[in-house]
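Student: Read off the chains here:
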Amino acid sequence: MNQDPILTLAGITKTFPGVRALHNVSLELYPGQVTALIGENGAGKSTLVKIMTGIYQPDEGQITVSGKALSLPTAHSAFEAGVTAIHQETVLFDELTVAENIYLGHAPRNRFGMIDWKTMRAESRKTLESMAAGIDPDIKLKELGIAKKHLVAVARALSIDAQVVIMDEPTAALSQKEIEELYVLIDLLKQDGKAILFISHKFDEIYRIADRFTVFRDGEQVGKGLIKDTKQSDIVKLMVGRSVDHIFPERKAEIGPMVLEAKGLSHPTEFADISFAVRKGEILGFYGLVGAGRSEVMQAVFGMTRPSHGALVLDGAVINPKSPADAVEAGIVYVPEERGKQGVITGEPIFMNVSLPSLQKTSRSGFLRMAEEFKLARTYTERLDLRASSLSQNVSTLSGGNQQKVVIAKWLATLPKVIILDEPTKGIDIGSKAAVHGFMAELVAQGLSVIMVSSELPEVMGMSDRIVVMREGRIVDTLDNKGLAPETLVRLAAGIAEEVAA
Amino acid sequence: MKSLAKHREIWLGLAIIAVIILVTLRFPRFSQPGNLLTIFNDTSILMMLALGQMAMILTRSIDLSMAANLALTGMIAAMLNAAYPAIPIPLIMALCVVIGGLLGAFNGVLVWKLNIPPIVVTLGTLTIFRGLVFVISGGAWVNAAQMSPDFIQLQRAVVLGLPVLSWIAIVVAILFFLLMTRTPLGRALYAIGVNPTASVYAGINVGLTKFMAFVLAGAVSGLCGYLWISRYVIASVEVASGYELTIVAACVIGGISIAGGIGTVAGALLGALFLGVINNALPVINISPFWQMAISGTAILLAVILNARGERRKGRVILKSAEAAHV
Amino acid sequence: MSDVTTGRQLPNRLDNPLKSTLLSWESLLVLVAVAIFIFNSNASPYFLNEWSLSDLTFNFTEKALIALAMALLIISGEIDLSVAAIIALASTMMGLALQYGADTPVLVAVGVGVGLLCGAFNGFLVTGLKLPSIVVTIGTMSLFRGISYIILGDKSFGNYPASFGWFGQGYVWWVISFELVLFLVFAVIYFVLLHRTNFGRRVFAIGNNDVAAQFSGVRVDRIKFILFCLTGLMSGIASVLLTARLGSTRPSIAEGFELEAITMVVLGGVSILGGAGSIVGVVLAALIMGLVTFGLGLLNVPGIVMSIFIGGLLITVIALPILFRMWRQRA
Amino acid sequence: QTRIALVVKSLGNGFFDAANKGAQEAAKELGDVEVIYTGPTAATAEAQIEVINSLIAQQVDAIAISANDPDALVPALQKAMQRGIKVISFDSGVAEAGRQIHLNPSDTNLIGETIIKLAADYLPEGGDVAILSAASTATNQNAWIEAAKAVLPEKFPNINLVATVYGDDDSVKSTDEAKGLIASYPNLKAIIAPTTVGVVAAAQVVTDQNLIGKINVTGLALPSEFKQFIDNGASQAVALWNPIDLGYSAIYLANDLIKGEEAKPGAVFSIGRVGEITLDDTNSAPMAAPFQFDKSNIEEFSKIY
Ligand SMILES: Nc1ncnc2c1ncn2[C@@H]1O[C@H](COP(=O)(O)OP(=O)(O)OP(=O)(O)O)[C@@H](O)[C@H]1O
Ligand SMILES: Nc1ncnc2c1ncn2[C@@H]1O[C@H](COP(=O)(O)OP(=O)(O)OP(=O)(O)O)[C@@H](O)[C@H]1O
Ligand SMILES: [Mg+2]
Ligand SMILES: [Mg+2]
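Protein chains in written order, with my numbering: chain A, 991 to 1492; chain B, 22 to 348; chain C, 122 to 452; chain D, 2 to 306.
Derived from the structure by calculation, the hints contain no laboratory data. Worth double-checking, as some hints may not be accurate.
[Stated by the list, open to error] In silico SDA-like cross-links for lysine to any residue, where the CA-CA straight-line distance does not exceed 20 Å:
(1) A:K1472 to A:L1482
(2) A:K1351 to C:R317
(3) A:K1108 to B:L200
(4) A:K1270 to A:D1470
(5) A:K1253 to A:R1296
(6) D:K80 to C:G279
(7) D:K80 to C:N170
(8) A:K1132 to A:R1115
(9) A:K1351 to C:T318
(10) A:K1253 to A:S1298
(11) D:K304 to B:P106
(12) C:K276 to B:I308
(13) D:K156 to D:D122
(14) A:K1132 to B:A329
(15) A:K1253 to A:K1407
[Said to hold, decoys possible] Covered, in the sense of this in silico footprint (three residues per stretch, anywhere, with C-beta under 8 Å from a C-beta of chain A), are these stretches of chain B:
(16) 194 to 205
(17) 223 to 235
[As the list claims (entries may be wrong)] Restraint-style ranges between C-beta atoms, simulated for each label pair:
(18) D:P266 to C:L169: 33 to 43 Å
(19) B:V180 to D:E126: 31 to 41 Å
(20) C:G433 to B:T202: 21 to 31 Å
(21) C:A156 to B:G159: 20 to 30 Å
(22) D:N110 to C:G222: 26 to 36 Å
(23) A:T1387 to C:P166: 46 to 56 Å
The beta-carbon is built from N, C-alpha and C at its ideal position, and this holds for glycine as well.
If we strip away everything but chain A, and leave its shape as in the complex, we get (with noise of 0.2 Å):
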C-alpha cells in the first residue's frame, strides 16, 4: 500500500472555550480504503470530522487534499474540494422530501437555472435505489424512522461526487440487515477508489470493514497502523489506555433496602417492559449503544414523559410523577445528558442554577432570601470542587465538566432519594472525571440510590453494583457486577453473536 493519501491532516488542534477538543492531531485518508477511527466519547472524532467539513475552523494545523493544501471557510468549500460527511447527529430537514435532503446545496439545475426537479428526483431514485434502501424519494424525511433517515444521510452523502467520504457511527441506529446493506454499498465507494473515513464504537464492524485504523484519546492521535496486522486487544489498550491511570473509587457497599422499583415500564415508541429496582446505598449502572432508549426511560423516571403502561414504587408506596416537579418533590432527581439544553440554564449565574429548585427552602413566604441562596450554593459547589471565580458568574462561561458539577450540586441541595445521572462524565476531562467518582461513591455512602447511565465501559464497570444492559428500547440482561468481562457487556449492548467479539 504505497499509495499517497488523497487527505491528510496535520497538526490540527481545536480548542473550545474550557475544553481542549483536538491537540496536535494527524491523519491520512487513502483512496480505496477505508480507515476506522476509533477513540472514546469525546475523544474529538466527530470535532475532526467537522473541521474537515468546514464547520469549526481548526486553531492551527494544515489540510492537505490530493496534493493541494486548503482551507475550508465554508460547507460549501468542502463538497467543492470533495470531502463529503454523514454526521454524527443527523443535521438534516424532517419538513422537506427525501430527493431534496438528498441534494439541497448541491441541486441540479436546468438551462435557466432553475432547480431541476425530475433530475433531483430521478438521480436520487437511482442513488436510492443502488443502495437497496426502499425510501421512496417522493415522501417528507420525517416520515421515516431514524434508520432510514440514516440511509438519507448516506444517499447526500453519495450525491455528491466526492473523493473522501466520512461516515460519522453511521451504525448506530441501523439495524443488523440494514448494516449489511451498508457494508455493500462501502464496498462500492472502494472499488470506486473513494477514501473512506469511518467511525464507530463497534470493533466486529471495524474488523468486517476496515483496512486501517487510527486511534484518538483525549483529543490526541495515538496511534495506527493496518486492522489486519494488530489485535483487537492492542487497539482497545490504545484507547482506554488512560483506565490504567484513573482508579475508581474504593467503596464499602453497604446496601441497604429497596428504595425505588419499576415494574413493566411502556411506552408506545420508545421502551417497553423496563422492570430494575435500586435499593438504599446502591449504584444502579445503565449501559447500552447510544440512542438505546436509556435516557427516554430515566426521563419517564423522572415525570418528564408518561409511560402507557407501569408502575413506579418509592419506599414501598406508589408514586406517579406527571411532572418533573413532582419527581423532585418525591425524592427523584435527573441529571440530563444533554447539559447545555435541558442541564444548566445558561444566561444566569451559578447560584441561581442551583437555588432553583430550592427556592422553597431559601425564600421566606415565596420571597427571595438571597444570602440563603449563597450560602445553599457554597455549600453544594464547593463540596464538588467547582471552578468559579465566584458564585455570581454565568453558567455559560464555566466549562463543561464544571457545568455539569453545578447541576448535581442544584440536585444535592434538594436531598434527594434517588439520584439519576445520565453520562455524569460526558465530556468532562479526567481530573473531574475522578472528582465526580468520587463523589458518586460518597452520595451512596451517606445512604442515596444512584442510577447512572453511561456508554463508558470503564465506567460502568468501575462504579456500578448491578448493571442493567439495554438494546433497542428493552433491557437485555441484568447482571451483578463481579468479575464481569467487558466484552459481556459489549455483546449485550450490541447483540452481537459470541464468536465475533474475540
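For this one, chain A is given, so just place chains B, C and D with the ligands on it according to the hints.
Tutor: What follows is chains B, C and D with the ligands alone, placed relative to chain A:
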C-alpha cells in the same frame, strides 16, 4: 386528522368553496363568474403581501413593517405622480419595487449584521416608515384629482377578461412559486426554517438568506404600495394601518407555520382568499359586517389548532417493532 | 457532610456593583429620560408646570399598566398581541352591564373579570393546546374585538356614573391622579413579584431555557398560564381606567395599544427572546414614551412624527450596545 | 396675543385643510390671533384627547374642535373649560356638556333633506337608495341621516332607503362597504355618501364596476377632490357648504368668547364677512344652506376648495 395536515391547501380550498356555496344558496348572484373574479381582484393585494410575509415566516422571522412600507412607498409613488405626471407608470411601479426592497434591506441588514430579532427591528421600522409618510407629505393627502388618469386606470384596464391588478397578482404568484420551488434561494428559505443548524451543514449562509427574505417582503410591499394607492385613489398616512397583522393572519390561515419551514405558495394565496371571500360574503348575505372580525378571528384560531395537530412532532422511535408499524 | 473537601472559598460577587449599575440598560434609559426632560423644559415654556406634568402621565399610564404584565410574559418567552382587544371587550361588557343597571363596583368587577377570563383563554390555548402564542393572540385579538363589534355594532355605550369616571379622571391628591397612583402601586408590586420572589425567579429561568427549567422541577405551563392571566387582568384594569377616562365605549377603543405596550417593554430592555429584563427599565421606558409624546405635543408636532422618534429610539438603543461590543472586539 | 387651536378629526383631510385656510384668513383679519392647526393622524377619540391635553398644557385661549366622538371627548374638554379655555365644536359636534357653542355647517334638517333631494332629483321614478356614512359614532352624519329619514315618507314617497352602512372615513373600508351595497342590492339606483371620504370611494367603485349611468353617487363632496366624478358621470351632483367659511366662522366665534361674550340661547354673534348667527336652545347655530355642485359649476369651485 393526518390527511388534513397533509392536504392543508385542499381543505382550505374546500372551506372556501363551502363558504361560496353557502352564500350562493341565499344569494345566487354571489357565485356568478363576474363576482368571483371581483373577489379575486379585491384580494389580489392581500395575496401578494401574504406571499412576501410567507418568505419571512418560513425563515422563522416576521415582518411587521410591511404595511408601513406599503404606505410609504405608495405615498412616494403618489407624490411623484402628482408632481411629474409624465413619468410612465411602469417606471413608477419599478421604482416602488426598488424603494420597497431598499426599505426591506434596511430591516434585513439590522437582522443580518447586528443580529437584532426581526420582530424588534420591524416593530421599530413600522413606526419609522409610517412617520416618514407624514414627513414627506407634510400630512397632506394625495387624492384622486391630483393623480394622473394613467396612474389610476392602469390596474383597472381589463386584459383577457381580467383587470391588470389580477394579472399582476397572478404573475407575482407564479414568480413566487418558481422562486420557492425552483431556486436555491427559495429552498434555502425553507431549509433555514426547518433546521437552522443543518442549513449551516448544507452550506447555506443563514444571515444572507434572511436578508434576502426581508428584501423580498419589502419589494412586494413596495409594489403593493403603488397598487393600493391607485386602487383606493387616496394616499394618506393611515393607508393600510393595522394591516400588518391581517397579512400575518392570512399566512396563518394558509397553513404557514410560525415556527418556520412549513408553508406553500398555494396556502398563502388561499389564506388571503379565505379572508377575501368572508369579507365579500358577509354584506351580501346581510350579516352585519360587524361579524366579520370575530369570524376571521375564529378562522385564525381554528387554522392554528388544526395545523398544530398536523405538525405535532412524533416522538422518537426506538423500539424496532414500533418503527416497523410506523413507517 | 462537612468533613470532605473543603474547596476554595467562592465569593458571592466579584463585579463592582457601582460599575455594573453605571453600565446597565437602566442607566442608559435614565440618561435618555433626563435628556428629553431637559429638552422639553427648554423647548416649551409650558412644560415645567405641575398640571402639565400631571397631564403627561395620562399619555402612558394605561399602556404602561399592561406593559408591566407584558414584561413578565415576554421575559418568559411568550407574547400577547390581544391586550388592546381585551380592553375593547372588557369595556363593552362594562357598557353592557351598565345597561342592566350595574353600579360602579359591579362595573369594575366586570371589567377586571372579563380581562382575567380573556387572559385565561389565551393561556389555555397556549399552554393547554401547546400553540405558539404569537398566532394564538393574533387570532384572539380579532375574536375579542370582533365580539365587541357584534355587541355594539355602530352604537356606543355612554353615561357611565360619575363615581366610575373618577377612576379615569379623578385626582387622589393635588395633581396626583388616580391612574398615576395605581400605576406606581402596580409598578412596585410587579417589581417585587419579578425581582424579589420565587415566582419571578422561575419566570426568568423559563425565559432563559424552558426545557432546562422544566428539568429543574419548575412547573412551566402553570407559570405561563398565570402570566397570561395577569396580562389579561392588567388589560381589564386598563380597560376600566380608559373607559372611565373616555366616559364611553366604542368597539374601536384602544386600537393599536398592543404594539405600543410591546414597544415599551422592548425599549425597557426586556429581551424579546425571553430571559432578561427589569421592571425598572419598563417603567423608565413608559416615562420616556410619555415625555416624548407629551413634549413634542406641546410643540404641536403630530403624533405620527413622534412615533418616528420612538421607533428610532427603539432601534438605536438596542443596536448601540451591539455595535459597541462589535467595535470593541475588532479593536 | 390670542391663541386659538383648530382641532380637526384627522390631519391631511382636504376638507379640514380648506377650513384651516378660512381660519387663517380670520386670524389675519382679527390681527392679534394665532391659529394652531392640529389634530391626530388617525381619526380616533383617544388620539384627539392626547392633542387636547397638550393644548390645555399650552394654555391656549380657545379650542375649536371637530369631534371624532361626541361623548368620549367630553371629560377632556370639560377639563379644558375648567382651566379657563373656551371650547366650541364645529362641523362634527361634541355633546352639550363638553362645549360652549356648536357651529353647525348648516341646518341639520336642511342637510338631511338636501342629501335625499340630490338623489331624488335624478330619479323621477323613484327607486332604491343607500347611505354610506362615515364612522358610526360621527355626530353630524348621524344627525343628518336621522333628518333625512324623517323627511323621506312625506316629501320623497317613492325613494326607498334600503340600507345605511359605515365606512369610518377610511377609504378602504368605504370601498368595501360600497361594493357590498352594490352586490346586495341589485336594484340600487343611488348611493348617498354624506362624507367627503366616502363619496370619493363610492364614486370610484361605481366607475370601476362600469355602473356609470346605472348608479348615481351623491352626497357631500369637496369639489377639488370630486371634480373627476362629475366629469365622468359617476355623479350628477353633490353638495357642500363652504369649509373655508366654516373655519373662518369658528375662529370668529372662539374669539368672541375669549373677548367675553357669553354663550347662551338666543345670543347673537357677528362673524365677520359671513354675517351673524343666533344660538338656539342647545347653544348651537347653523350656517348657510349647503351649496350644490354639478357640471355647470364644478370647474370653477374645484379651484377654490
Ligand atoms: N461546540 C463545542 N463547544 C464546546 N465544546 C465542544 C464543542 N463540540 C465538542 N466539544 C467538546 O470537544 C470534545 C470532543 O468532542 P467530539 O464530539 O469530537 O467527541 P467524539 O470523539 O465525537 O465523541 P463521541 O464518540 O461521543 O461522538 C468533547 O469534550 C466535547 O465536549
Ligand atoms: N429518531 C431520532 N432522530 C434524531 N436523533 C435521534 C433519533 N434517535 C436517536 N437520536 C439521537 O441519538 C442520541 C441518543 O439517543 P437516546 O438518548 O435515546 O439513547 P440512550 O440510550 O439514552 O443513549 P445515550 O444516553 O448513551 O446517548 C440522542 O442524542 C439523539 O439525538
Ligand atoms: Mg462524535
Ligand atoms: Mg440518551
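Student: Okay, C:A156 versus B:G159 on CB: inside 20 to 30 Å?
Tutor: 28 Å, holds
Student: Honestly, do A:T1387 and C:P166 meet the 46 to 56 Å range at C-beta?
Tutor: Given about 53 Å between the Cβ atoms, the range holds.
Student: A range of 31 to 41 Å was offered for this pair. Does it hold for the Cβ distance of B:V180 and D:E126?
Tutor: Cβ of B:V180 to Cβ of D:E126: about 38 Å, so the range 31 to 41 Å holds.
Student: Is the straight-line distance between the alpha-carbon of D:K156 and that of D:D122 20 Å or less?
Tutor: Since the Cα atoms of D:K156 and D:D122 sit roughly 12 Å apart, the hinted pair holds (cutoff 20 Å).
Student: Within a Cα-Cα threshold of 20 Å, do C:K276 and B:I308 meet the stated pairing?
Tutor: 16 Å, holds
Student: For the hint 21 to 31 Å, verify it against the beta carbon of C:G433 and that of B:T202.
Tutor: 39 Å, violated
Student: Under the criterion that the straight-line Cα-Cα distance not exceed 20 Å, is the pair A:K1472, A:L1482 satisfied?
Tutor: 16 Å, holds
Student: Given the hinted pair A:K1253 and A:K1407, is their Cα-Cα distance within 20 Å?
Tutor: At roughly 19 Å apart (the allowed maximum being 20 Å), A:K1407 and A:K1253 satisfy the hint.
Student: Could you grab the alpha-carbon distance between A:K1253 and A:S1298 and see if it respects the 20 Å cut-off?
Tutor: OK: A:K1253 and A:S1298 at ~12 Å, within 20 Å.
Student: Quick check: do three or more residues in the stretch 223 to 235 of chain B have a beta carbon closer than 8 Å to a beta carbon of chain A?
Tutor: holds (count 4)
Student: Is the hinted pair A:K1351 and C:R317 satisfied, with a Cα-Cα distance of at most 20 Å?
Tutor: 15 Å, holds
Student: Taking only the CA atoms, is the gap from D:K304 to B:P106 under or equal to 20 Å?
Tutor: 19 Å, holds
Hint compliance for this structure: hint 20 alone is broken.
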